[in-house]
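Peer 1: Chain residues, written in single-letter form:
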Amino acid sequence: MERKAYTVKDHSRRNFLKQLAATSAISAATAMLPKVTFGGVEKFTGNDKLTWKKSPCRFCGVGCGLLIGLQNGKAVAVKGDPDSPVNKGLCCVKGYHSVMALYGKDRLRKPLVKRNGKWVEVTMTEALDLVANKMKETIDKHGKDAVAMYGSGQWTIPDGYVASKFMKGGIGTNNLEANARLCMASAVTGFMTSFGLDEPMGCYEDIDHADVFVLWGNNMAEMHPVLFSRLLDQRLKRKSIIIDLGTRTTRTSLAADKAILFQPQGDLALANAICYEIINNGWVNRSFIEKHCVFKKGKTNIGYGLEDNFQFTDEPGDISFNDFKNFLNDYAPAKASALCGVSVKDIKYLAQLYADPNKKVMSLWCMGPNQHTRGTWINNQIYNIHLLTGKISTPGNSPFSLTGQPSACGTVREVGTLTHLLPHGTVTNEKDRKLAAEIWKVPVEKIPAKPTFHTVEMFRALDRGEIKFMWIQVTNPMVSMPNLKRYRNGALKEDRFIVVSDVYPTPTTDVADVILPSAMWIEREGMFGNSERRTQHFEKMIEPQGECLSDTWQIIEVAKRMGYGNLFPWTKENHIEEIWKEYTRFHHGPEHAMASYQELKARPGIQWPYVNGKETKWRYHAKYDPAAKGDSFDFYGKPDGKAWIWARPFEPAPEVPDKEYPYWLCTGRVVEHWHTGSMTRRIPVLHQAVPHAYVELNVQDAANMNIRTGDKVKLVSRRGELVLPASVNERGQPPRGQVFVPFFDEGLLINELTIDAFCPISREPEYKKCAVKVMKA
Amino acid sequence: MPVKSYLVFPIAGTVAQVIEKLQSFNHCEVLPADNQEVIVLVTDSDSEKEDEQFLEALKGDTTIQHISLISGFST
Chain Z
51 MERKAYTVKD
61 HSRRNFLKQL
71 AATSAISAAT
81 AMLPKVTFGG
91 VEKFTGNDKL
101 TWKKSPCRFC
111 GVGCGLLIGL
121 QNGKAVAVKG
131 DPDSPVNKGL
141 CCVKGYHSVM
151 ALYGKDRLRK
161 PLVKRNGKWV
171 EVTMTEALDL
181 VANKMKETID
191 KHGKDAVAMY
201 GSGQWTIPDG
211 YVASKFMKGG
221 IGTNNLEANA
231 RLCMASAVTG
241 FMTSFGLDEP
251 MGCYEDIDHA
261 DVFVLWGNNM
271 AEMHPVLFSR
281 LLDQRLKRKS
291 IIIDLGTRTT
301 RTSLAADKAI
311 LFQPQGDLAL
321 ANAICYEIIN
331 NGWVNRSFIE
341 KHCVFKKGKT
351 NIGYGLEDNF
361 QFTDEPGDIS
371 FNDFKNFLND
381 YAPAKASALC
391 GVSVKDIKYL
401 AQLYADPNKK
411 VMSLWCMGPN
421 QHTRGTWINN
431 QIYNIHLLTG
441 KISTPGNSPF
451 SLTGQPSACG
461 TVREVGTLTH
471 LLPHGTVTNE
481 KDRKLAAEIW
491 KVPVEKIPAK
501 PTFHTVEMFR
511 ALDRGEIKFM
521 WIQVTNPMVS
531 MPNLKRYRNG
541 ALKEDRFIVV
551 SDVYPTPTTD
561 VADVILPSAM
571 WIEREGMFGN
581 SERRTQHFEK
591 MIEPQGECLS
601 DTWQIIEVAK
611 RMGYGNLFPW
621 TKENHIEEIW
631 KEYTRFHHGP
641 EHAMASYQEL
651 KARPGIQWPY
661 VNGKETKWRY
671 HAKYDPAAKG
681 DSFDFYGKPD
691 GKAWIWARPF
701 EPAPEVPDKE
711 YPYWLCTGRV
721 VEHWHTGSMT
731 RRIPVLHQAV
741 PHAYVELNVQ
751 DAANMNIRTG
761 DKVKLVSRRG
771 ELVLPASVNE
781 RGQPPRGQVF
791 VPFFDEGLLI
801 NELTIDAFCP
811 ISREPEYKKC
821 AVKVMKA
Chain P
30 MPVKSYLVFP
40 IAGTVAQVIE
50 KLQSFNHCEV
60 LPADNQEVIV
70 LVTDSDSEKE
80 DEQFLEALKG
90 DTTIQHISLI
100 SGFST
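Line by line, the protein sequences are chains Z and P. For the first sequence, our numbering begins at 51 and goes up steadily by one. For the second sequence, our numbering begins at 30 and goes up steadily by one.
Worth double-checking, as some hints may not be accurate.
Said to hold, decoys possible - Which stretches of chain P does chain Z cover? Using the computed rule of at least three CB atoms under 8 Å from a CB of chain Z, they are:
| no. | segment |
| --- | --- |
| 1 | 41-54 |
| 2 | 65-74 |
| 3 | 92-103 |
Think of the hints as simulated: they come from the structure by calculation, not from any bench. Predicted model, so just to flag it, every value in this text is computed and none were measured. Backbone N, C-alpha and C define an ideal beta-carbon position, used for all residues, glycine too.
Between the sequences and the hints, there should be enough to build the whole structure, so can you do that?
Peer 2: Here is the structure:
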């Protein structure tokens, strides 16, 4: 499908543009001056007749509360919700412009079917009939595991819930995955292996208590700017310290009190070295670990998942504190320094900060540790540091894993839209299957007990032909998958049938056979769940454009056509409320109880566990958590109530620079664009700010190759090559021998070069490290 | 017919003076910060020429320390 320049529809209302111009300026001011506030922005709308309604932001996982200004059936303004405890009235540049993403000129408004290589407009009824018939035909011919559904953390909670019920309880296949596998699966397995339950024990309020913030491979200033402004605010107010640990110099590094560069993959050695120092200096919180922790080791040399059908199961084994101490001898600062590139002095400094009994410490991370072939391990290792020092589950002492998508937690992790998950627990657990079968009113035998394909393997199965039909909703894998060429070619093979539900044309709709136009965000009702266990409701505020239909209702309509209508006995008017009521039956205990539909509608988000009208801000401590027993810590996710400290070694990345491919390639994002850019590139202010991808080069490396900013540079990996403009000494500055490329640009697909290796435990791919050669084009 | 927004940073102690001056121009709207000395300025000129003339007029203003263009739209 041809895609032209990104522009918004002309509303011929200068007031609208004035308001947008004003919010851009306010956004810029708040980025520069963290505490600045502006009243009276309504004047730019030209009248006082706007209706303001609350919604969580559509973009990242922070979950900022927005107030959406509505006028004549359109969303025309945005301001931060001062009642939201997340952002307290502040927004980032994406949030302020978010409603413009609703009105892109090339918004998908009609269903499209590919006939004889050409797109033909059809009615929604025709399109849904075709999807249902094709899905049924595929199951009849090839079996139920030949069909798959792939969504994301942009699915609302109801979207994910009906997807799970349809696929697992209706069709009876575990072929359900989500883009969240590509961004926070390692966080999940980190939580599960260390604590037995997913999601953070702390919350954003930790920021208001912590004395030290340690950011592990997390460019918060660009990826989570509103939360980062809260860190800066606390530094102004309380002199708290921000330490940036990263592999390149970013805006976060420049704003930090201290920036420490480590070599790619060196975080594994660095974390162990910090533990070594804590133990060997006698800084361990002995009583805490004796009462509340046990020590474990797992398998080593665990592979990288590069081969199809790769299998791995870890085997935890008991070890003692002394075993753990001896294991760390390989990470004494001098030895670890050689592996991670961090000086002995800085290792000792970090250990002292973590161990200082008078300092509360918050660690924050996101894609750096997660998109890592040892992602589960580095998550475990950060927890190790907090557990050894007892700095956890109390205000300000908080290892905090951030997410990237608005409902990665609420939908993918809590509803369980991954192959191995159910809305409560896992498919491998008979008790969990029985609970699902009881609530869904299906025979328990219907829900398969064995997980099928994780995301990378699902797309490999599509390429191999084991999967013939795939329905992709609310994500853009033909930009975001690593080793992209293989998976695009697989999707385009002759007898594959691809359905894509989205709001704009993308490289993923390019491989589709049917495109279903989706109702976007506030064009329908829904809920998102953010990084701090906060569920936020938003109502339908405007009518969907054209024939757009919510992803929830698309699935229900197809399910009805396939004979599963009894699973979805709801009306268009009441289905979100009814879904919420049914879904929350999975989470009725004090460990995960959730607020009622009416409460969610009335408030700017509520954190679970929500017990007797009270939110739980800190889990695993009896003072704050109604599920915790005793009078202090209780890590009740594990049967004995103890957290696990894991001995996890340093192991190299799957592909390291060599003579032929001498540079590290790291990929990531920029503040202006969200994920694959399919929405933010339709917002002129954001698109004009960063209109295309680029490659960041080290100043000296660039000089040696006679490359200046704007020059064309060719990157070549073992999987593909790409020519893109250079950026030298601009936004980010990689160290020598490293380059960085943002992945938002569908015109410059850096994921054609990345490697589809993954963490064998989480199955989350590696996007931060592979080897490339670099030359002036 | 450009619509533009700027951040205006007055010389310390001259915020009220700068606001008054900006308000005296046609097609300008100002939104001062509640708690800091910074002003959001939105211009809604009839033509590119008027827009240029306005900027020229501001250049000579000694009470303005710094002015940054933040966004612009052409309709």
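Peer 1: Count residues of the segment 65-74 of chain P with a Cβ under 8 Å from any Cβ of chain Z, then say if the count reaches three.
Peer 2: As far as the segment 65-74 of chain P goes, the hint holds, because 6 residues have Cβ atoms under 8 Å from chain Z.
Peer 1: Counting residues of the segment 92-103 of chain P whose CB is closer than 8 Å to a CB in chain Z, do you get three or more?
Peer 2: holds (count 5)
Peer 1: For the segment 41-54 of chain P, do three or more residues have a beta carbon lying closer than 8 Å to a beta carbon of chain Z?
Peer 2: violated (count 0)
Checked against the numbered hints given earlier, the structure breaks only hint 1 and satisfies all the rest.
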